[in-house]
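There are 2 protein chains.
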Amino acid sequence: MTHSSKSPTTARQQQRGVLDLTHALAPNIPNWDNLPTAVEVSIEETLEKDAFFSRRISLNEHTGTHFDAPAHVVAGGRTVEQIAPGRLVRPLIVIDVRKQVEHDADYVVTVADVTAWEKQHGEMPHGAVVLACTGWDVRWSSPASFRNADAKGVMHFPGFAEKTAVWLIEHRDIAGLGVDTLSVDPGNSGAYPVHKCCAAHGVYHLECVANLADAPPSGATVVIAPMKLAGGSGAPARILALLP
Amino acid sequence: MTHSSKSPTTARQQQRGVLDLTHALAPNIPNWDNLPTAVEVSIEETLEKDAFFSRRISLNEHTGTHFDAPAHVVAGGRTVEQIAPGRLVRPLIVIDVRKQVEHDADYVVTVADVTAWEKQHGEMPHGAVVLACTGWDVRWSSPASFRNADAKGVMHFPGFAEKTAVWLIEHRDIAGLGVDTLSVDPGNSGAYPVHKCCAAHGVYHLECVANLADAPPSGATVVIAPMKLAGGSGAPARILALLP
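Protein chains in written order, with this note's numbering: chain L, 277 to 520; chain Z, 277 to 520.
Please keep in mind that the hints were generated in silico from the structure rather than gathered at the bench.
Treat each hint with caution, since some may be false.
One copy or any two copies: either way a pair holds, since identical chains are not told apart in the list.
Said to hold, decoys possible - Calculated cross-link-like contacts (lysine to aspartate or glutamate; reagent style EDC-like; alpha-carbon spacing at most 16 angstroms): (1) K325 with E394; (2) K375 with E399; (3) K472 with E446; (4) K472 with D326.
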């Protein structure tokens, strides 16, 4: 086979790196309600009997690496299929707080963390998707460690401070906010203020994001691809970073 | 709010058009087995009772706009989560055969259709995703019309000829092949040769693709985002075209 010399742009697109920020959906993955089986799977067809192999799957919309639509949190908020496609392809900003989290599982990303990021990398573009790399995804293979619940059942994992979410919405007009833990609010949150203020402003969330330690702090484009569930409060999402 | 002047690249990315090639997943969508309910949905949490709204969903992996992994068809073929992310972001080629289909529901895309496309648009880049626009998605809201089964239960909708799939694999090294109908093989196929030859060569399929009439014949990049199901034979996929 010979290669065409006519398409320099598409050749570059093909060669550009793609980083998968998604955990695989398997039965025993960590989940909010501590279910032993987060994804139920049953075989419906086999190659031997049916000439095709296929399965049926059953899961809550907020399972695995997933997308929260505003309707998850606020009455009248947009459902998954109502999010404009243009809001799903955005500049990717990654804020690395692994050092801060190392000795504080309850750490929340602060406005100072954002300011420090901008001092180093320049002002964030408006309309970006901002993801916090807390290092939590190394715990993914151990649901108990990922949930990190104490004797009273209160979970301890990092999230965002409410003030940070408000600042990013007001000053950087973010399209989405996300994290590698189970929630954009920290595990010990009772009132979920980050969920509420984002949803009220039409900002979506991404939770249980994977591989953020491999993503550049800026310069990539992120494609957020939730299952297009009509009326969905959220959906499992494939998240791909197109590297610069 | 002021806008940053520092990020011309990301600003361009934000403004670039994104076309959604995905049908919404709803209970009564057309499906291969003619089930009255293709997507089962049950409410698990409500804003009133639980402060969050969420649902449980249950469906076959090959429902709605979806991705067939090679494992759907051949023993030992790759499952969904094993497809390299780089194969999911590719140049998009759209072959419009709506005129040919107009008076022939059993039409199959021919090598001559591909040759005619290349005569008009230049040689396809290698490694692309080739999608046929048959016009079938205008029938989506009517499952009976979309399946178009005759009195004997044989469906009649367009697909690809086996020779065309073989040619695209051998001469253009395609990453994926897709269509706006229920199958890359035509509805009246009994042996599914297109499924078999693609799967044997590690080429994935996309079925029930939407809105292809709005996609350019070349120049766009397509992002194929199947749910990342561990061991999946296929998965519902969000398909987004990044317009040039």
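Structure-based check of each hint:
Taking CA atoms no more than 16 angstroms apart as the test, K325 paired with E394 passes in neither setting, with 58 angstroms inside one copy and 41 angstroms between copies. Taking the shortest alpha-carbon separations for K375 and E399, neither the intra-copy value of 22 angstroms nor the inter-copy value of 51 angstroms comes in at or below 16 angstroms. Proximity of K472 to E446 under the C-alpha cut-off of 16 angstroms is restricted to the intra-copy arrangement: shortest distance 15 angstroms within a copy versus 53 angstroms between copies. Only between protomers do K472 and D326 lie at most 16 angstroms apart by alpha-carbon distance; the minimum there is 14 angstroms, versus 48 angstroms within a single protomer.
When held up to the earlier numbered hints, the structure conflicts with 1, 2 and fits the remainder.
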